[in-house]
Amino acid sequence: MNRTPIIQRFCVALLGCVLLSTASLGQNAKPAAYAIKGGKVFTLAGAPIENGTVVIRDGKIAAVGANIEIPAGAQVIDATGLEVYPGMFDAATQIGLGEISQVSATLDVTELGNYNPELVAATAVNPASAYIPVTRASGITEVIAAPGTAGFDAQGGGLITGQASAFNLAGWTMEDMQLNRSVAMVINWPSIQTRTFDFATFSIKEKAYSDAKKEYDKSVNELSDWLNRARHYAQAKEKGSPALYERDLKLESLVPVVQGKLPVLVIADDERDIRNAVEFCTKQNLKMILGSGAEAWKVKDLLKEKKIPIILGPTERIPDKEDTPYDKPMTQPSELFAAGIPFAFSSFGTSFSRRLPQYAGASVAYGLPHDEALKAVMLNAAQIFGLGDQLGTLEAGKLGNVIVTNGDPLEIQTQVKYLFIKGQLTSLANRHSDFYEQYRKRPKPTQ
Amino acid sequence: MKLRAGTCRSPRFTRRRFWWAAIASSVALVAVGVTFTARGEGGEPRYFAITHARVVPVAGPPIENGTVVVAKGLIQAVGASVTIPPEAWVIDGKGLTVYPGLIDAGTTVGISDDGTDGKGKPAGVVLGPEGRPGTSPWRVVADEIKTDDKRIETWRSAGFTTTLTVPEGGILPGQAAVLNLAGDRAGDYVVRVYASVPISFKPVGGFFGFPDSLMGTIAYVRQVYDDTAWYSQAEPAYESNPAKYERPSYDRTEVVMSEAEKRSEIVMLPANNSQQLLRALKLANEWKIRAVLYGGQQAYEVADALASAKMPVLVNLKWPERGKDADPEGEQTLRELRFRDRAPGTPAALVKAGVKFGFYSGGLSGPKDIMKSAKKAIDAGLSPDAALRAFTADSADILGLGDRMGSIVPGKIANLVVTDGDIFNEKTKVKHVFVDGRWFEIHEEETPPDKGGDKKPGDEEAVKAGRYAGVEGVGR
Chain A
1 MNRTPIIQRF CVALLGCVLL STASLGQNAK PAAYAIKGGK VFTLAGAPIE
51 NGTVVIRDGK IAAVGANIEI PAGAQVIDAT GLEVYPGMFD AATQIGLGEI
101 SQVSATLDVT ELGNYNPELV AATAVNPASA YIPVTRASGI TEVIAAPGTA
151 GFDAQGGGLI TGQASAFNLA GWTMEDMQLN RSVAMVINWP SIQTRTFDFA
201 TFSIKEKAYS DAKKEYDKSV NELSDWLNRA RHYAQAKEKG SPALYERDLK
251 LESLVPVVQG KLPVLVIADD ERDIRNAVEF CTKQNLKMIL GSGAEAWKVK
301 DLLKEKKIPI ILGPTERIPD KEDTPYDKPM TQPSELFAAG IPFAFSSFGT
351 SFSRRLPQYA GASVAYGLPH DEALKAVMLN AAQIFGLGDQ LGTLEAGKLG
401 NVIVTNGDPL EIQTQVKYLF IKGQLTSLAN RHSDFYEQYR KRPKPTQ
Chain B
448 MKLRAGTCRS PRFTRRRFWW AAIASSVALV AVGVTFTARG EGGEPRYFAI
498 THARVVPVAG PPIENGTVVV AKGLIQAVGA SVTIPPEAWV IDGKGLTVYP
548 GLIDAGTTVG ISDDGTDGKG KPAGVVLGPE GRPGTSPWRV VADEIKTDDK
598 RIETWRSAGF TTTLTVPEGG ILPGQAAVLN LAGDRAGDYV VRVYASVPIS
648 FKPVGGFFGF PDSLMGTIAY VRQVYDDTAW YSQAEPAYES NPAKYERPSY
698 DRTEVVMSEA EKRSEIVMLP ANNSQQLLRA LKLANEWKIR AVLYGGQQAY
748 EVADALASAK MPVLVNLKWP ERGKDADPEG EQTLRELRFR DRAPGTPAAL
798 VKAGVKFGFY SGGLSGPKDI MKSAKKAIDA GLSPDAALRA FTADSADILG
848 LGDRMGSIVP GKIANLVVTD GDIFNEKTKV KHVFVDGRWF EIHEEETPPD
898 KGGDKKPGDE EAVKAGRYAG VEGVGR
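Chains as they are written, first to last, in this note's numbering: chain A, 1 to 447; chain B, 448 to 923.
Think of the hints as simulated: they come from the structure by calculation, not from any bench.
Take these hints with a grain of salt, some might be off.
Below, computed lysine-lysine pairings styled on DSS-like, alpha-carbon distance capped at 27 Å [claimed, not checked]:
{"id": "1", "chain 1": "B", "residue 1": "Lys541", "chain 2": "B", "residue 2": "Lys771"}
{"id": "2", "chain 1": "A", "residue 1": "Lys205", "chain 2": "B", "residue 2": "Lys822"}
{"id": "3", "chain 1": "A", "residue 1": "Lys321", "chain 2": "B", "residue 2": "Lys771"}
Partial list, computed: chain B residues near chain A (C-beta under 10 Å) [as the list claims (entries may be wrong)]:
{"id": "4", "residue": "Thr530"}
{"id": "5", "residue": "Pro533"}
{"id": "6", "residue": "Pro650"}
{"id": "7", "residue": "Asp774"}
{"id": "8", "residue": "Leu781"}
Residues from chain A that keep clear of chain B, each with C-beta distances beyond 12 Å, as calculated [claimed, not checked]:
{"id": "9", "residue": "Pro48"}
{"id": "10", "residue": "Ser101"}
{"id": "11", "residue": "His370"}
{"id": "12", "residue": "Thr393"}
It should be emphasised that the depicted structure is a prediction, and the values quoted were computed from it without experimental measurement.
Quick reminder that beta carbons are idealized off the backbone N, C-alpha and C, glycines included.
Go ahead and model the full structure; you've got the sequences and the hints to work with.
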């Protein structure tokens, strides 16, 4: 028999309503002080602390340790039997840019034209996207939205697709959420494609290599032209003749790229494409981050030599090529780690961003050390994109993006019990849990 | 290798005059046209005796120092001691070898170079089988012969006297004809008008029409056979008692297909890889058709199944290979590499299993490549005898013409090729060709100086040749 007092039940229901109504945005209170007490704390900046405490105040981590005094007025979270980690970071997504792939009005992933360096993902991200709370529920506290990358929606997204933005997965406006509106310029590396899909006959057409090569060379020359023009533009601006030189948003956006201040996230998978991209970026003096990199394992020496980090695509997939070993997507991370190449996992998606921990988990099963896998979903992306001073470890002074779980966060059965973003306890309710609740209420058939 | 020009001999056109024409190389082609008019003026010899030659009759062991007598289009006599009739034009065959004329059992030679004659695309968007997409079985190649197709001479001069000329364009593009590659008028070429009904499983619907998938295409052909079976019963039932039944509606496809079935005309089913071959065996059984499979390049994997089904195969000699302008670093899968490596071993595997097969040029650009491909099959274990049979007697048998061509036996059509050596030797030259008893002396022509080194006028036509690719699903 349920003997819970009516009033208590009412309160629970009310709380449920509050959670539901704020589900998408997650936060509705001012930051407060919290003390997460009694859990095993994985700081990622040293050995795990048994029975540790994490104090969060004013949006930031105030203290981490075994014997920390709990400040007065702090809300205490009992984490006994639980584990505390930095929140996870999905380093390449389209979260907020695309909602329903069949409804084009909800898609803002790509733009027409081949060169759109002036586009900034942050300006298009929808803070009320249903994917945000869904993603958050699996322990992901911040993501990068990269325009025009991967996925069916991205077809025809051009070569320079825009600037990727990093943001927290909670907030009412982009200004609330934003970590850095421009973390990288995204370049879809042109590939020499001899096999093209012909929609007229709905079949694959073979194209002559020489023709495909010509198209490729043309694209690379164009890329090169854009960068050269940006250099010239920067020079003209520096010499201070705005009257003589009209403002050009595209070139202006490329200036930090040619100056090596803004990295380029170059999406490439095939060995040749990666080699060509690295050669190009070296020649152009660009700060390159490799995106996707399905065949990075074939060019480890080059990537190591040029110190190019990788934002890896999903590990739980079949290889792109017929003769690639079936487990290569899952074994590649351990190979890259052994070679000393920094990398972070990412989903390159929206709805499956929530699978990020499993992408890392699968690679642990295929040889990647567990602590490295944790870093590759929590810390590495922050370091690669220049956010390492704010995110990625549980250290005093960093942003209060913290998760509390009932086990290994890379295990699919593990649940995230508490989640903090910018130091605020944030709702874990989401579209999935809403449906769960909704259909649980359905009357059972009478027998 | 230089272009070989063939010229039909006639007394009016003397040897000296011929050479004069041949030296003025480009005029040689015109000369063919001139001599073809000769028959109408009378005097073309119809009786020949090739003497002192090595004769490979295919139907029996080779005859050293033999004689072949040709009379009025047919082989009259063959043997070591044959009486030469006084009316015969004697050709000294010393040092030469006489073979039956070769058969190319799948090409578009003799019709427009893509085989479609501008047909094959469904008019407008077809939404279902009732729209009969890509279906024109009433198209008869025998009515579309283009005697000015320059490939006719190219093929003939290399010893190919006969083709199965197949229409293309659509699922049921029309009816193929067996042609002999010489004649004054188009009608002279035709050996069999209704030689076969070729089927393609290539979807014709495009993105928006029916059928746009393999599944839909096969379902459609099944529907055509069901409809035809119905019509074959409904039509006589109605005729026998028009008062009892409603009149069956007229559908040209059903009428033509039921007529073809009554003739038990060969149906050519596409099947190149092992899955397609096994599928075709099932379909042939299901549709109760007299089937011949074309493609057959991966038959090395399923030769036994083909043998136990007694299924003849026309093997596409355009062996799978890397594209000429392929990406040098492009992915080459083990599957592709294995197929490329093993495909030329198919004929040997078919011989071993006891499958009857013929050869066809498929997408090959000309006779030179056909013979090169055959040589590859020989290098992969096929005996030269079996290779020759595949080009002659076995192809003739498969096409149901074994009683009139494919070997050097009295009474058969005088289709002969006379060479100066083994026919599969690359250096061997064709000296004479007989088509329906018409004599073509083959001369190597000097490369015209203005055309430059590698480019040969005939090859430009040849490149367009054999677009009857039959290469559906090579590989995967």
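Results of checking the hints against the structure:
| no. | hint | verdict |
| --- | --- | --- |
| 1 | Lys541(B) to Lys771(B) | violated, 42 Å |
| 2 | Lys205(A) to Lys822(B) | violated, 30 Å |
| 3 | Lys321(A) to Lys771(B) | holds, 22 Å |
| 4 | Thr530 | violated, 59 Å |
| 5 | Pro533 | violated, 61 Å |
| 6 | Pro650 | holds, 7 Å |
| 7 | Asp774 | holds, 5 Å |
| 8 | Leu781 | holds, 5 Å |
| 9 | Pro48 | holds, 45 Å |
| 10 | Ser101 | holds, 19 Å |
| 11 | His370 | holds, 34 Å |
| 12 | Thr393 | holds, 41 Å |
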